[in-house]
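The primary structure of each chain is shown beneath.
Number of protein chains: 2
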Amino acid sequence: MIVEELPERVREHVRNARRNGMRVGCVPTMGALHQGHCSLMERARRECDFVVSTIFVNPTQFLPGEDFTRYPRTLEADLRCCADSGADLVFTPQTEHMYAENAQTTVQPGKLAEVLEGVIRPGHFAGVTTIVAKLFAVTEPDVAYFGQKDFQQQLIIRQMVRDLKLPVEIVTCPIVREVDGLAMSSRNRYLSAAERDAAVELSRALAEASRLATESSLSSEEISEQMRNILQSSGQLEVQYAVLADPETLEYPLGRTSGGEAVGLIAVRLGTTRLIDNALIRFS
Amino acid sequence: MIVEELPERVREHVRNARRNGMRVGCVPTMGALHQGHCSLMERARRECDFVVSTIFVNPTQFLPGEDFTRYPRTLEADLRCCADSGADLVFTPQTEHMYAENAQTTVQPGKLAEVLEGVIRPGHFAGVTTIVAKLFAVTEPDVAYFGQKDFQQQLIIRQMVRDLKLPVEIVTCPIVREVDGLAMSSRNRYLSAAERDAAVELSRALAEASRLATESSLSSEEISEQMRNILQSSGQLEVQYAVLADPETLEYPLGRTSGGEAVGLIAVRLGTTRLIDNALIRFS
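Quick note, the sequences are listed as chains D and F, same order. Just so it is clear: in the first sequence, position 73 is 73 by the working numbering, and no numbers are missing. Count along the second sequence from 1, then add 284; that gives the number in the working numbering.
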């Protein structure tokens, strides 16, 4: 496995691979890798001939006051994880490799970024689209892999790729969960033992929403209300949003139609940690 | 010469060329081609193995009230010009090929777009960077050719390429002028005979600025003042700006240093037509 921090070297490696007829897959990450990331790389390994992982804690997607400085940096363990998952090349740029001193061009998402996470974290998604566009420009993948965990993010990246006509296929991979249902996240390591216990309510609320969509005739709004009740029952979670939204447009409230699809989306604060989770839901 | 309106077909053609080891050059245009455009294609022809021209009147770079609807569309003549200049492929997309109904992602330039043209045409350069990013994504060139005529535009595109790490080399080609000095422009055809006579004052003002930079010890501001005097002498030109600026940052007013470089930049209104021109200048 090659580890490279220089964009121009990465481009060379990838172009060599492509010249040899290889299909190139890319897995962009911020490091602090867990099994969710592994599942992305393993999928890339199965579907591609040359797998590039990127590890870069992107400053522009953190808001002032967010956890940029304390975001876990675990490069050594991350590289083992990449090797175990079958990556061929890991791109580990320094900040100055991705943002020159005078950098000023950004990629701005549109209305998909103006709801939910976009309201709570204004500017976050512009940081994401800008860095992902850059990572795609450096790694020139045929296909890139993202986790469903960041549901709104993968929608926005799909939209960016479509809008900017980038020659990349986007694959969204299922959320990987702990045995009790908690969605894996690099931020779970911030949780105290008591917070870790309470965190299970996110997946429990989503499971209940899914059950109600199938077994009751409650409206989307009533189901969202039930999710909020569950989340608040522990007394530890501060609910930022818990809604059923359209899985393509993120519009809500969503009318209930038989066989219709929704995505349940949750964000909470738990102590100083912010957690999100989601699940695709189908109405009976 | 192939003429294609579908992005996916263009990508196929270009990728075939590249698989055959060809160097790909791209010349993005809005059609209404003149000898300035020809010079770009001819340079591309000399330096590349496969030359792609694009012809697309990009709606998002026109402001409300500008000349989008009356912008000259002369496809038949344009295609002859492309063929004569040695283009291998001409990409002539329809608007819906470049902007899907739901398109919302944009590429936003930074502070280089906040002066001069950016003040007079707010949003114009975001339209330019967005469409050029898309055209690069479709045509995947090794090198792309732009005219110095749109001086601020080529700076902003260079900045975009650097910032977004796009694997494209930008080449800026000299302004092509009529015998009396008027910079060639698709918009020159809007001019009445009297306006056409007055239009020569732009290049005359720039020539005088260049002379004063060499032969006088006037400051940048004093030289700019002389440019404005010349432009106003005809009584027909409304001067929007006429300045000497830093040729990299566009900052002005510019201190005069021996051997220092400047760019003289002019924009005027002449009846209902807007004209711009520029020249690189060196102080003695």
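The set of hints was computed from the structure by calculation and includes no laboratory data. Treat each hint with caution, since some may be false.
Said to hold, decoys possible - Computed footprint of chain D on chain F; a stretch qualifies when at least three of its residues, placed anywhere within it, have a C-beta under 8 Å from a C-beta of chain D:
1) 347-353
2) 444-457
3) 514-523
Said to hold, decoys possible - From chain F, some residues computed to sit far from chain D (all C-beta separations above 10 Å):
4) ARG295
5) LEU466
6) ALA477
7) SER487
Cβ coordinates follow ideal geometry from the N, Cα and C atoms, glycine included.
List in ascending order the numbers of the hints, as given earlier, that are violated by the structure.
-> 1, 3, 4
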